[in-house]
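J.: If you want the building blocks of each chain, they are given just below.
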Amino acid sequence: MENLTLSDKLSRFILNWFFLMIVWIAFTSSFSGQELIVGVITTMVISLLSISMFTCCTLAILSPIRIVYMLWYFVVFFVALIQSNFDVARRVLSPSLPINPGIVKFKTKLTTNYSKMVLANSITLTPGTLTVDVIDDTFYIHWIDVKTTDPEKAFTEIAESFEKILLKIF
Amino acid sequence: MEILEIIGGILILIGSAFLFLGALGILRMPDVYNRLQAGTKATTLGAMSLIIGVGFLEPSWMMKSIIIVVFIAFSNPISSHALARAMYKRKRYPIIKSEDKDMDAYIEVFQQEEEEVKS
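Line by line, the protein sequences give chains D and U. When you line the first sequence up against the numbering used here, it's residues 193 to 362, in that order. When you line the second sequence up against the numbering used here, it's residues 674 to 792, in that order.
Any given hint could be a false lead.
As a list, the in silico SDA-like pairs of lysine to any residue whose alpha-carbon atoms are at most 25 Å apart [unchecked claim]:
| # | chain 1 | residue 1 | chain 2 | residue 2 |
| --- | --- | --- | --- | --- |
| 1 | U | K770 | D | T340 |
| 2 | U | K791 | U | D777 |
| 3 | D | K299 | U | F693 |
| 4 | U | K762 | D | D328 |
| 5 | D | K308 | U | P703 |
| 6 | D | K299 | U | I680 |
| 7 | U | K737 | D | T220 |
| 8 | D | K301 | U | K791 |
| 9 | D | K299 | U | Q784 |
| 10 | D | K339 | U | R758 |
| 11 | D | K297 | U | F747 |
| 12 | U | K770 | U | I680 |
| 13 | U | K737 | U | E786 |
| 14 | U | K737 | U | I680 |
| 15 | D | K308 | U | R758 |
| 16 | D | K360 | U | Q784 |
| 17 | D | K297 | U | R763 |
| 18 | D | K360 | D | T220 |
| 19 | D | K297 | D | E349 |
| 20 | D | K308 | D | T220 |
Ranges between beta-carbon positions, derived for each pair [what the hints assert, rightly or not]:
| # | chain 1 | residue 1 | chain 2 | residue 2 | range |
| --- | --- | --- | --- | --- | --- |
| 21 | U | K770 | D | S242 | 23 to 33 Å |
| 22 | U | F783 | D | N292 | 17 to 27 Å |
| 23 | U | F744 | D | F223 | 17 to 27 Å |
| 24 | D | I214 | U | F783 | 18 to 28 Å |
| 25 | U | Y766 | D | L240 | 41 to 51 Å |
| 26 | U | L677 | D | D200 | 41 to 51 Å |
| 27 | D | D329 | U | D704 | 42 to 52 Å |
| 28 | U | Y766 | D | L251 | 24 to 34 Å |
| 29 | D | S286 | U | S689 | 16 to 26 Å |
| 30 | U | L700 | D | S224 | 30 to 40 Å |
| 31 | D | A252 | U | F783 | 48 to 58 Å |
| 32 | U | Q785 | D | S224 | 36 to 46 Å |
By construction, these hints were calculated from the structure, which means they are not laboratory data. These numbers were taken from a predicted model, which means no experiment stands behind them. Ideal Cβ positions, reconstructed from N, Cα and C, are used throughout, including at glycine.
Make the full structure from the sequences, and use the hints.
T.: Here's what the structure looks like:
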């Protein structure tokens, strides 16, 4: 991350500061002057120190269209999470234990580390899949009920709905 | 107040039901990877629902419980991924029921890494 321009760094710093301030306000749950001043100073110091490590994106991520896609991603993800829980419940409660496990791989079009992390986390929480490893652009997925070992079919089966939205956000 | 308490109670009940299913899954599944599958999903939604339920019972904690839910949603899948990967590095291979040998794609990468370590 050494080859960032100054305006890029500034934009990342402000974004970090903004999110840390939201977390601060949520934790203190008060808007009294003293708390806010301490919060502004603390979060500024933290985001200055962590600028080379924990910045994912510039302020461009806060454009309205991307926020709409983020909310849509949240809805898609939450539906998948609930589906996966009922899927687990069905498998665990049925006496014959209907599983056909295996590890499949597929390639993704995402490039940045943070988007790959979000995709890997979402895959872990969607029905019947668990991310075992991510190497460059290849995902290795433990699948509780393998339907196909072909990488492209596995991709459409597992990750396509998430990746379409993530490509628009990042 | 009354309606908030009812919603909170229902959410806590749902959460504990899913946590129970997760525990049952860990007990019944045959190997580490399948146990992680059952464990991660059920405990994520279970803990989320339970903590939001607590937030409804005690409205001043609501913001804190939302932050905790966000942290759980990020950290739970990461920890299960780390466990699965660590188990593979310890050579505990997943159970594969069908005869199709292609169903363990990760083993190629693993063998390459082994050879690189040896050489």
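J.: If any of the earlier hints don't hold here, list their numbers in rising order.
T.: Of the numbered hints, 3, 5, 6, 8, 12, 13, 16, 18, 20, 21, 24, 27, 28, 30, 31, 32 do not hold.
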